[in-house]
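Protein chains: 2
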Amino acid sequence: MSANKPGGASARQGEGRGVTPRSLDYSTWYTDVVTKAELADYSPVRGTMVIRPYGYALWENIQKDLDRRFKETGHQNAYFPLFIPQSFLQKEAEHVEGFSPELAVVTHAGGKELEEPLVVRPTSETIINHMFSKWIQSHRDLPLLINQWANVVRWELRPRLFLRTTEFLWQEGHTAHASEPEAREEVLRILQLYRDFVQDMMAIPVVPGRKSDSEKFAGAVETFTIEAMMGDKRALQAGTSHYLGQNFAKAFGTQFQNENNELDFVHQTSWGVSTRLVGGVIMAHGDDKGLRLPPHIAPIQVVIVPFIRSDEDRARVLPIIDQIRQALPQIRFQVDDRPSLSPGFKFNEWEMKGVPLRMEIGPRDLDKNQIVLARRDTGEKEFVDLDRATHALPDLLEQIQAGLWEQALAFREANTRTVETYEEFKAQLDEVGGFFLAHWDGTPETEAKIKEETRATIRCIPLDSPQEPGRCMVTGEPSKQRVLIARAY
Amino acid sequence: MSANKPGGASARQGEGRGVTPRSLDYSTWYTDVVTKAELADYSPVRGTMVIRPYGYALWENIQKDLDRRFKETGHQNAYFPLFIPQSFLQKEAEHVEGFSPELAVVTHAGGKELEEPLVVRPTSETIINHMFSKWIQSHRDLPLLINQWANVVRWELRPRLFLRTTEFLWQEGHTAHASEPEAREEVLRILQLYRDFVQDMMAIPVVPGRKSDSEKFAGAVETFTIEAMMGDKRALQAGTSHYLGQNFAKAFGTQFQNENNELDFVHQTSWGVSTRLVGGVIMAHGDDKGLRLPPHIAPIQVVIVPFIRSDEDRARVLPIIDQIRQALPQIRFQVDDRPSLSPGFKFNEWEMKGVPLRMEIGPRDLDKNQIVLARRDTGEKEFVDLDRATHALPDLLEQIQAGLWEQALAFREANTRTVETYEEFKAQLDEVGGFFLAHWDGTPETEAKIKEETRATIRCIPLDSPQEPGRCMVTGEPSKQRVLIARAY
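Taken in order, these protein sequences are the chains called A and B.
Residues in the first sequence are numbered consecutively from 1, following my numbering.
Residues in the second sequence are numbered consecutively from 1001, following my numbering.
Watch out, some of these pointers could steer you wrong.
[Unchecked claim] Covered stretches of chain A (in silico footprint by chain B; criterion: 3 or more residues with CB under 8 Å from a CB of chain B, positions within the stretch not fixed):
(1) 22-35
(2) 464-473
[What the hints assert, rightly or not] Residues from chain A that keep clear of chain B, each with C-beta distances beyond 12 Å, as calculated:
(3) Gln76
(4) Ile324
(5) Val372
[Claimed, not checked] Here are the computed lysine-lysine pairs in the DSS-like style, where the Cα-Cα straight-line distance is at most 27 Å:
(6) Lys134(A) to Lys1346(B)
(7) Lys64(A) to Lys1381(B)
(8) Lys216(A) to Lys368(A)
(9) Lys91(A) to Lys1112(B)
(10) Lys1134(B) to Lys1112(B)
(11) Lys1346(B) to Lys1381(B)
(12) Lys71(A) to Lys91(A)
(13) Lys289(A) to Lys368(A)
(14) Lys233(A) to Lys134(A)
(15) Lys346(A) to Lys368(A)
(16) Lys216(A) to Lys1112(B)
(17) Lys71(A) to Lys1091(B)
(18) Lys289(A) to Lys233(A)
(19) Lys64(A) to Lys91(A)
(20) Lys1071(B) to Lys1134(B)
(21) Lys1233(B) to Lys134(A)
(22) Lys112(A) to Lys1112(B)
(23) Lys1289(B) to Lys1250(B)
(24) Lys1381(B) to Lys346(A)
(25) Lys1071(B) to Lys346(A)
(26) Lys1071(B) to Lys1233(B)
(27) Lys71(A) to Lys1064(B)
(28) Lys346(A) to Lys381(A)
(29) Lys1091(B) to Lys112(A)
(30) Lys1064(B) to Lys1091(B)
(31) Lys1216(B) to Lys1381(B)
(32) Lys71(A) to Lys1071(B)
(33) Lys1426(B) to Lys1451(B)
(34) Lys1071(B) to Lys1289(B)
(35) Lys1289(B) to Lys1426(B)
(36) Lys112(A) to Lys1216(B)
(37) Lys64(A) to Lys1112(B)
(38) Lys1426(B) to Lys289(A)
These are computed hints drawn from the structure, not numbers from a lab.
Since we're looking at a predicted model, the values are computed, not measured.
Ideal Cβ placement from N, Cα and C applies to all residues, glycine included.
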């Protein structure tokens, strides 16, 4: 029967468990990992996906930590409607131009044709400004710091699981402030929050920076981004934070009475990260055995594989496992005592799923008063005294978190190059790829030329790189600072 | 300027802060509480709502506790797409008939007309069965216990905030089992989980029971419900748990190889509660001063109003507040030290918002080594020795939780009547309203007659009422058990 069934189901039965090697075909490797680690599956509606329990648990861990950081910085969650009147989108000229090609439109509901079609939200600046204009009266109502966890829809012509899907889950922050400096401070506060989260929890180094005008969010004055390097050396935009100025406030009449009793438009920000982060963690850390998850966000941090062949074994081994678990309530354990499967099969499955640490324990280990710990990041196995288990497990998890970070950082540094000429850039881009730091004259014409000729884009103008005068690698015109250029997802 | 602005904004400035008394107009009272306590606001799309931060924090507390209970009973969260191919709905005949009038349909996306229109999910049985049919192969894959937190859309002709909105937030559980008894056990396990949650956390007594055939979920074999009494004595269906039999499994080919190596269709359940629960908590406990929130789910459990008129006051009072908060990290506090507002204004605002306990503290209290505690449920104020504060606060919160429960239970019991004849039922329904326990012959004809003539419906056939033979109050035909009848939301 299983021959008739596609995908995840047959994988569960042990057929075709391996993944295509990364070196052979990175794109197929990625899809293999997503589906065989049971993170997600294709859905019957083109461009959409099903997030399976293991993938959703990963997203929940991401959500939980981000949500805590948002609340600690004074933000409150709220929920705004999925449907937006089509006319709202048209109120901000750049916004509608940017999003129109990606909209899904409800034209019929309740058995009738609607008088005004409803857009399924691609993002919520418009409807949120409509509400803000009702809620905000005075400077005492500011700042208003709102976040929303929601699904959004942007019609995708070239969908990829987690990275670009027609529907995705995200958070979108929307804030209103009394002055431009306060709003700009918020934009950078959130950019730093995102950077800290992605680096500390996901173990992925990022470059924070400002987007060029042609890459900024439709309707924003400025967009800031964090850019990460994936395992194929391409860039992934992992989160964005926008300074919206008064653009939406003017379109929706979001005004307040300032301390001098004058009416003024609010200054706004918006910012978001999405389930795309799951794609990022796969590509930043995965290897030819599958996923490698950073312990801080792993749904299962330690998988315990007991070796049990008899009731006597069971009576000896299971109480020890219980003791270890009870001594370490902060660790997310899973015990794999499925009787019908071989240890080798289980090892492969949990390696595919990227569980950071595997603990093996059986009667022979107990005879020697030891356990076996196998690290997913390095593949190293070590024997640990049973008495030391409760120290060794948390220590090793932190070592693995740090190890994944070090590997990813070293990989990015080894693949980031400073180039002076356009010829050098093009040659290196094709030969070795990676991130390039180059001078750019700041014009959209030069940016478009680079994109058209090389398929690489200006990812950002890094915030932390020194002001260093130079000459644009394409035109030779003066430039104040190097920018980050790469091919990207 | 504020005169030009509607709703929540003007309320924030202190105009028209009171609510319409419940006795005058219950429906207006309800809407007043929702908007003036800033739980929600109307959105520009008819029938949809905005859940404001205070209302969303309440929903988050509901979510968090339910989610823990789902996980403790072995369920895993996942996420399925918002859009469902129209043809999927048509595969289960009763399902499509039940939901067709309420569907919102996407006909255009990405700038083009779609070949097949997409329905915005009203519930996800169809798309989930499509995926289950891929994932389930063998009895070893069962039971499959999935839950989803999501938004759903059902076009509403008579919308009411939280109670009936075109879009609402909910959780929907979907499980597949190898046998009917296992599936039926799950249906009742969840019904009990819902009952325990609503009773223990929301302090609302419920009647668990089975729905009549004409009230069951479109596509289910049997539907179970928990029914609660609101402050106007009407019933609110607070949660449902369905035994789907093999109906969807047959429509979508969700089969498995059983232990005898034979193909069989899975037996399924689905179950859900929604943001409607927020409406339930408002109507079960609210009074003419506004909300009264059970401490177990209240976003703010204790509001502290310090009396401060000078820097010297501040230096004395604030450190004491900090000490109390630090000693009670499990309690959700809010300190209201807004300087421009009077204590009376603050008291009204927090009473409107239903905060269970108010703590007042000022220099005069400190002179007497005391604090003042005011209960929202009874309005009682007491002076408590400062040294006893860390005991008194948690104790009082538990007393308030119990007090709200006792009040709601007593109210329901006082308004539940056993009736023998249809005349008696109709007279009492019009005169005093409430819940009625009466005999019914079990036919849809009698059920329809009662509904048409009285606008009351059979809410459920209670699970815990004794088997008691009698005669139908309408037809005089034999009946085995009394059923619960009431007018309902």
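Structure-based check of each hint:
1. 22-35: Our answer is that it is violated, as 0 residues pass the Cβ test (under 8 Å) against chain B, missing three.
2. 464-473: violated (count 0)
3. Gln76: violated, 4 Å
4. Ile324: holds, 21 Å
5. Val372: Nearest chain B Cβ is 27 Å from Val372(A), so the label holds.
6. Lys134(A) to Lys1346(B): holds, 22 Å
7. Lys64(A) to Lys1381(B): Outside the cut-off at roughly 38 Å; violated.
8. Lys216(A) to Lys368(A): violated, 61 Å
9. Lys91(A) to Lys1112(B): With Cα atoms ~22 Å apart, Lys91(A) and Lys1112(B) stay inside 27 Å; holds.
10. Lys1134(B) to Lys1112(B): Between Lys1134(B) and Lys1112(B) the Cα gap is close to 30 Å, so the pair fails against 27 Å, i.e. violated.
11. Lys1346(B) to Lys1381(B): holds, 16 Å
12. Lys71(A) to Lys91(A): Cα-Cα ~31 Å, so violated.
13. Lys289(A) to Lys368(A): violated, 31 Å
14. Lys233(A) to Lys134(A): Cα-Cα ~47 Å, so violated.
15. Lys346(A) to Lys368(A): Given that 27 Å is the threshold and the Cα spacing comes to 23 Å, the pair holds.
16. Lys216(A) to Lys1112(B): holds, 26 Å
17. Lys71(A) to Lys1091(B): violated, 44 Å
18. Lys289(A) to Lys233(A): The hint holds at about 19 Å.
19. Lys64(A) to Lys91(A): violated, 35 Å
20. Lys1071(B) to Lys1134(B): Answer holds: Lys1071(B) to Lys1134(B) is near 24 Å, not above 27 Å.
21. Lys1233(B) to Lys134(A): violated, 34 Å
22. Lys112(A) to Lys1112(B): The given pair, whose Cα atoms are some 20 Å apart, holds under the 27 Å limit.
23. Lys1289(B) to Lys1250(B): Violated, at about 53 Å.
24. Lys1381(B) to Lys346(A): violated, 62 Å
25. Lys1071(B) to Lys346(A): Roughly 24 Å between the alpha carbons, so the hint for Lys1071(B) and Lys346(A) holds.
26. Lys1071(B) to Lys1233(B): violated, 34 Å
27. Lys71(A) to Lys1064(B): Judged against 27 Å, a Cα distance of about 16 Å means the pair holds.
28. Lys346(A) to Lys381(A): holds, 16 Å
29. Lys1091(B) to Lys112(A): holds, 22 Å
30. Lys1064(B) to Lys1091(B): At roughly 35 Å apart (the allowed maximum being 27 Å), Lys1091(B) and Lys1064(B) break the hint.
31. Lys1216(B) to Lys1381(B): Violated, at about 47 Å.
32. Lys71(A) to Lys1071(B): Measuring from Cα to Cα gives roughly 24 Å; hence the hint holds.
33. Lys1426(B) to Lys1451(B): Distance of about 11 Å is within 27 Å: holds.
34. Lys1071(B) to Lys1289(B): The hint is violated at about 37 Å.
35. Lys1289(B) to Lys1426(B): violated, 33 Å
36. Lys112(A) to Lys1216(B): holds, 26 Å
37. Lys64(A) to Lys1112(B): With a Cα-Cα distance of about 38 Å, the restraint between Lys64(A) and Lys1112(B) is violated, given a limit of 27 Å.
38. Lys1426(B) to Lys289(A): violated, 71 Å
Checked against the numbered hints listed earlier, the structure breaks hints 1, 2, 3, 7, 8, 10, 12, 13, 14, 17, 19, 21, 23, 24, 26, 30, 31, 34, 35, 37, 38; every other hint is satisfied.
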